[in-house]
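Once you have looked at the hints, place chain B on chain A.
Read top to bottom, the protein sequences are chains A and B. Sequential numbering of the first sequence, starting at 0, is according to numbering that gives the first Met the number 0. Sequential numbering of the second sequence, starting at 0, is according to numbering that gives the first Met the number 0.
Calculated directly from the structure, the hints in this document are not laboratory data. Any given hint might turn out to be false.
When the alpha-carbon atoms are kept at most 20 Å apart in a straight line, the in silico SDA-like pairs for lysine to any residue are as follows [said to hold, decoys possible]:
id, chain 1, residue 1, chain 2, residue 2
1, B, LYS286, B, GLN315
2, B, LYS285, A, ASP116
3, B, LYS285, A, GLU341
4, A, LYS151, B, ASP162
5, A, LYS206, A, ALA99
6, B, LYS293, A, MET398
7, A, LYS300, A, ASP283
8, B, LYS300, A, ARG373
9, A, LYS162, B, GLU290
10, B, LYS293, A, LYS206
Chain B is nowhere near these chain A residues, computed Cβ spacing over 10 Å in every case [what the hints assert, rightly or not]:
id, residue
11, ILE35
12, GLN45
13, THR307
Between beta-carbon pairs, the in silico distance windows are [unchecked claim]:
id, chain 1, residue 1, chain 2, residue 2, range
14, B, SER265, A, GLU348, 19 to 29 Å
15, A, ASN397, B, MET85, 35 to 45 Å
16, B, ARG289, A, GLU348, 41 to 51 Å
Virtual Cβ for every residue (Gly too), placed ideally from N, Cα, C.
Here is what each chain is made of, one letter per residue.
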Amino acid sequence: MEKVEDQNPQQEEDQVVNPWEVSAKDGGKIDYDKLIDKFGCQRLDQSFVDRVQRLTSRPPHVFLRRGVFFAHRDFNDILDAYERGQKFYLYTGRGPSSEALHLGHLIPFMFTKYLQDAFKVPLVIQLTDDEKCMWKNLSVEESQRLARENAKDIIACGFDISKTFIFSDFDYVGGAFYKNMVKVAKCVTYNKVVGIFGFTGEDHIGKLSFPPVQAVPSFPSSFPHLFSGKDDLRCLIPCAIDQDPYFRMTRDVAPRIGYHKPALIESLFFPALQGETGKMSASDPNSAIYVTDSAKDIKYKVNKHAFTGGQETIEKHRQYGANLEVDIPIKYLNFFLEDDAELEHIKKEYGAGRMLTGEVKKRLIEVLTEIVERHRRARAAVTDEMVDAFMAVRPLPNMFD
Amino acid sequence: MAYSKDQLLARLKELQIEFSQYEHPVVLTVEAQAKYVGNLGGALSKNLFLKDKKHRYYVVSALADTKVDLKVLSQRLGLGKGGLRMAAEEALVEILKVPLGCVTPFAVVNESARHVSLLLDQGFKAQEYCFFHPLSNDMSISLNAHCLDKFLKSIGRDPSYVDLEANPPVGKDQPPDLAAFVPSDAPILSDLPVKAPTQDSTGKHVSAASNSAAVAAKAIKPSGNAQNVKEKPVNTVQPSIPAADAGNFVEELLDRASALLLSEISEDSIKQHSGQLGAEVANNIKKCLREDLKNLATIFKNTAYTEGFYAGTRYQPKRL
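One chain only, chain A, in its complex shape (with noise of 0.2 Å):
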């Protein structure tokens, strides 16, 4: 599920969000107003927020708490038929393109994690190891190692393995998975494909077939070993607004085929330590935090690459404040650090310039730090056979226990 190779040209109006190429106006910040207006979803405002709260009774995730999911299809929905006593299933992915993931990758595996906890309810998570092989020209082995390993750091998120399924496209694709694909498949002409996804006629068909296996894990009839009589059960898929697009396209074919739509909840683009309008790329190391750095590596790039809003001079920054708009620090405590009160108090303190650049990222190093090691403690303790266990196709008795 992750971005494929730039296909589309740039467009000369504002921004660009597809699967494959996120870039904002002029080299700016992404207007993520437009950008929801533009693809037609809608806002998750706070009332979704206390709704969730008062349905799950627990605090509502941090992410929701902070605005990082920030924009849905039909949650509402699932929220409606959840409240009738009718659950949904959860549906996620990754492409995996790489061995080294970072936190930007994570989050929304943490996300799903919190959800699946809430509510109580299911989740396959698909590796698109044929995506990869295709896009990333690996081979089918590299492409299949890949996706075991990135189970390994999936699976330390958390997830229940009496309520999750973890399935790559090579291991997977054929019965009842293959039939929804043909049906879907059946409901997409060419010139929509290359509408939605930009090929071309250099793209080979391998390309072109793709998009249905990332459709149909919306369909309940797609696993039959675990909702083998639950044709009615609504998902719910968790992911970043660049795959919008995507699941535009399946909430299309949805209804022609006589399923439910899946409902979506989106999140906002991880920023790259030097800045929003910086990429994150598997080849600069300096752009991201890596779940395999150790604290030593975290100190070193906060304090060296993090792109700050502080001033350059502390007098400037006592008389000035900090520019929080974007201040990488502040942007990613945003995303981890769970105490609100701390938080406002550090926002404050920091945009008013009585606390220092220092002291913000010092704070970061520690809550990442946190982080990664919980992530490397709990990686440590997946095995192969785990993973086996995960990806075995086998019923889920007690998934919505």
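Coordinates of chain B only, in the frame set by chain A:
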């Protein structure tokens, strides 16, 4: 790491120990071995791997013809009448690192067998050479008892030969004559614990302490430094560390809770809350630890499920 046949043979050559080697199909019994090397002039050996009630282990290596009476041996060792029995197959693999049918004096070269006692039949001395398995059933090597001694001395073992057929009285005034052979400082090993499944699932025996199982257990330990994960303060015979260990899990939970508790109670907090300190601390602990402990519990659950799943895939349905 388990000594391999090749390593052993190389070592013997290094020590300039004279021996001859004969390859043959895998054999599990002395009779089978006899088919291939029985008429080459040397004496075949029979090798027993025994254990006593206190989980101490013994290799008894004797001429094939020597009568070995376990009851007598048990008394002579001072273990009472029924103190010795054949060790379990798992122990063979765990401690001696050899497969079934392959017990051999050479197995004590393994670190895991450091505390295994070795009893050699004095009958070996009278033979020109004797046959033993060199850590593998598909080969037999023949060597003189003298040469065997040289090898044993090189690994710090004191070769001592015993009249295994003797049956001296053991009683109040006659101490057990083989009492010296009982391992003195062997660690007390409980019966080998449930092993976590490992990478090497092809063999019949689940091998001990795969890195992942060990690392899994270590991950539960309260160690802030990830580098420590690779170290294993495991006892010498290396049973595999059970991955879903309730004891470790609980220790980790208690460690975290008590660490937090200690940090919450200070002069300041006592002054601040006085009588209400208990409730205040209890609340804080719940708030801070809730997510952390749930994560630990999920890891524990996933590990236990995986063990069960692995066992289930190798389950043999009841024979009707």
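Against the structure, the hints come out as follows:
Our distance criterion of 20 Å between C-alpha atoms is broken by LYS286(B) and GLN315(B), whose separation comes to about 46 Å. Between LYS285(B) and ASP116(A) the alpha-carbon distance is near 18 Å, which keeps this suggested pair within the 20 Å criterion. Restraint check: the Cα-Cα separation between LYS285(B) and GLU341(A) comes to about 19 Å, which is no more than 20 Å; the hinted pair holds. This hinted pair does not check out: LYS151(A) and ASP162(B) have alpha carbons roughly 58 Å apart, beyond 20 Å.
At most 20 Å may separate the alpha-carbon atoms for a hinted pair to count; LYS206(A) and ALA99(A) exceed this at roughly 24 Å. Among the hinted pairs, LYS293(B) with MET398(A) is consistent with the structure: their alpha-carbon atoms are about 18 Å apart, no more than 20 Å. For the suggested pair LYS300(A) and ASP283(A), the alpha carbons sit about 12 Å apart, so the restraint of at most 20 Å is met. Between the alpha carbons of LYS300(B) and ARG373(A) the distance comes to roughly 17 Å, so the proposed pair stays at or under 20 Å and holds.
For the suggested pair LYS162(A) and GLU290(B), the alpha carbons sit about 18 Å apart, so the restraint of at most 20 Å is met. Note on LYS293(B) and LYS206(A): the hinted pairing is violated, with a Cα-Cα distance of about 41 Å set against a maximum of 20 Å. Against chain B, the non-interface label of ILE35(A) holds: every CB pair exceeds 10 Å, the least being about 31 Å. In this structure GLN45(A) is separated from chain B by more than 10 Å, as the shortest Cβ-Cβ distance comes to about 23 Å.
For THR307(A), the shortest C-beta to C-beta distance to chain B comes to about 28 Å, beyond the 10 Å cut-off, and the non-interface label holds. Between SER265(B) and GLU348(A) the beta carbon distance is about 25 Å. The supplied range of 19 to 29 Å therefore holds. Between ASN397(A) and MET85(B), the C-beta spacing of about 43 Å keeps the proposed range 35 to 45 Å intact. For ARG289(B) and GLU348(A), the Cβ-Cβ distance of about 28 Å falls outside the hinted range of 41 to 51 Å, so the restraint is violated.
Comparing the model with each numbered hint stated earlier shows that hints 1, 4, 5, 10, 16 do not hold.
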